[in-house]
Amino acid sequence: MTQVLDPAPSLTDPGQRRPPRSRVPYLRTVGLYALTLWALVTLVFFLPRFMPGDPLRQLDDPDSGTFLHDPAERDRVAAYYGLDKPLVSQYRTYLSDLRKGDFGWSISQNQPVSTLLKKRLPWTLLLTGSALALSSMISYFAGVTAAWHRGRFADRALIVVLSATRAIPEYAMAAALLILFAVTYPVFPQAGAQRPFANYASPMDAVGDVLFHLALPLIALTVGLAANKFLIVRNTVISTLGEDYMVLARAKGLSRRLLKYRHSGRNALLPFVTALGIQAGFAVGGSLFVETIFNYPGMGTLVERAVSARDYPLLQGCFILLAVVVLIANLAVELTYSKLDPRVRRRR
Amino acid sequence: MTATTVIRAPIPRSGPPTRQTHVAGIIGGLIIGFYFVLLLFGSRLAPFRATELAGSSLVAPGGANRLGTNLLGQDILSQLILGARASLLVAVLAGVGTVLLGGIVGVAAGWFPGWFDGVLMRVTDLVLVVPKLPLLLLVGALTGGSVLGLSVVISLLFWPNAARILRSQVLSLRTRTHVRAATGFGAGTWHQMRRHILPDLALLSIAEFIPAAGRAVALQAGLAFLGVGDPTLPSWGGMIRDAVNFRAIFITSAWKWWLAPPVIALVGLIVGITLLGAAAERRLSPRLARHTR
Chain C
1 MTQVLDPAPS LTDPGQRRPP RSRVPYLRTV GLYALTLWAL VTLVFFLPRF
51 MPGDPLRQLD DPDSGTFLHD PAERDRVAAY YGLDKPLVSQ YRTYLSDLRK
101 GDFGWSISQN QPVSTLLKKR LPWTLLLTGS ALALSSMISY FAGVTAAWHR
151 GRFADRALIV VLSATRAIPE YAMAAALLIL FAVTYPVFPQ AGAQRPFANY
201 ASPMDAVGDV LFHLALPLIA LTVGLAANKF LIVRNTVIST LGEDYMVLAR
251 AKGLSRRLLK YRHSGRNALL PFVTALGIQA GFAVGGSLFV ETIFNYPGMG
301 TLVERAVSAR DYPLLQGCFI LLAVVVLIAN LAVELTYSKL DPRVRRRR
Chain H
349 MTATTVIRAP IPRSGPPTRQ THVAGIIGGL IIGFYFVLLL FGSRLAPFRA
399 TELAGSSLVA PGGANRLGTN LLGQDILSQL ILGARASLLV AVLAGVGTVL
449 LGGIVGVAAG WFPGWFDGVL MRVTDLVLVV PKLPLLLLVG ALTGGSVLGL
499 SVVISLLFWP NAARILRSQV LSLRTRTHVR AATGFGAGTW HQMRRHILPD
549 LALLSIAEFI PAAGRAVALQ AGLAFLGVGD PTLPSWGGMI RDAVNFRAIF
599 ITSAWKWWLA PPVIALVGLI VGITLLGAAA ERRLSPRLAR HTR
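Residue numbers (our numbering), protein chains in the order written: chain C, 1 to 348; chain H, 349 to 641.
Note that these hints are calculated values from the structure, not bench results. Do not take every clue at face value.
Calculated pairs, SDA-like style, for lysine to any residue (alpha carbon to alpha carbon, straight line, at most 20 Å) [claimed, not checked]:
| no. | chain 1 | residue 1 | chain 2 | residue 2 |
| --- | --- | --- | --- | --- |
| 1 | H | Lys604 | C | Leu180 |
| 2 | C | Lys85 | C | Pro48 |
| 3 | C | Lys260 | C | Gly151 |
| 4 | H | Lys604 | C | Ala182 |
Assemble the whole structure, with the sequences as input and the hints as a guide.
Below, the structure is given as structure tokens:
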């Protein structure tokens, strides 16, 4: 979204008034996201309906094995699926079902889609959430360190290594990690999120087992995300190093740790957080691949199964849920901008 | 490290190509050239057809099947060579489509400021936050995932980056003296575009095309890996899918010749494109050298 950085409020002019705080920008942002969600949900509805073909054609076609002779029977089937109603009323039913959390019925698993989603989503949230958190920490510290030692060995090494890993797609990274640390050197489990038939003795045991299974998928997903944010942090931190407040902080005799992480690092936060928002989408996408490689019981394996079986209701449900997750993450990031940096104001 | 070195050390900026980026560009170009050889002469280089029964099941490398066979007895080397086709076709088509769409939106938004620009940029924002991979999967599963269809959908989802970059360039061009002088002489939009705007954007478009193509390669393979792809066209993503779906892949040592080669082929191509892209970006759009992807 368009963030406008106004010139920093002048310290020498205390009379300068800040624009009154208003709720309108927030409403605009929320509105834009609501619009996006609506557009996606509508797309999901109309896409299959504008495709060539008709779900009832098999029943109307005298040559097909499932041809229904009785026109009344055909009408009953159409009415059962609501396909006899006009498109607008179908659309209205679809929206009100979605609002109730009814995503339809999975063809391949013969269960309500919402039941399946409820079971799978927590694992994906665990994987993507921890990957985003871990990658943020790594990229922050690596970025500040590289900026501090810019042009020297540590900086160059970090740039080369992280740029190289950035080019590797998540599934390739996951496959490589699986081969290395689960097959050749079987340190970590090859698949799943818990050990089979787990009957945990203590909560500690359960947490340990989950983390043990999470390790490899987490690393596979984290590396790419960290590499991406690393360059952002590095470059922003470098741009702060010449600032007056850095000279002042240095002159005050602050410790290097304070200088690095408080004074220059914090000023790299805004672009960093922007990247974090964008990465929510990447992380969810990447987790689909990583989960499939490690057979992790999250949304990824569910999506893969839905695609293989061409189970459209399930696939649509997965898509809408993932879209909601990504949009909420993006919205949250945008709403924190002005908290992080009071200079951020919206134009108009 | 002393205070002065912290503050006085030169801040690296993007600039003219350095020796390193030059070498990186040449290496990247050579890698991509190699893959294009596979694309052009693949059908002659491959010893077997991709789906042909070329030996018994899971033959280890060596002998008639240089890289072994998969579970169905299909030749891995042939599949590997012929798989370049799907990746490169999507790379070129989706790359061109992305830049073209982004260019149309970006130039229009940059050239016609005001509400038109505002609307286009809102649409750009909207597309930017759409979760791309799930949507690609959904549309791909519905449409069948042909090379052309995938390229179109990828272009439709990934144009905002190019649009933003090109728009900002057009905005800057509008204020340059030669463009303003031409306006002063009564040059119309069409003339300005042909003589002043589009030629200036050509190099920048190439710098945008390369990463878009790399992304398309990764996406095509990823979608094929998840089951969205043309089943008649061999692809590296599809090979990875078949290998991972074979339950005993890691119990036997078949992963060495079945899973590893397509992963390596894929990463090789993406690294090649990335190297070329880094060199091109530095050379073609130094002022706009981006730090994000």
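Hints, verified against the model:
Pair hint Lys604(H) plus Leu180(C) holds up; C-alpha atoms about 11 Å apart against a cutoff of 20 Å. At roughly 16 Å between alpha-carbon atoms, Lys85(C) and Pro48(C) fall within 20 Å of each other, so this suggested pair holds. For the suggested pair Lys260(C) and Gly151(C), the alpha carbons sit about 17 Å apart, so the restraint of at most 20 Å is met. For the hint linking Lys604(H) to Ala182(C), the alpha-carbon distance of about 14 Å falls within 20 Å, and the restraint holds.
The structure shown violates none of the earlier numbered hints.
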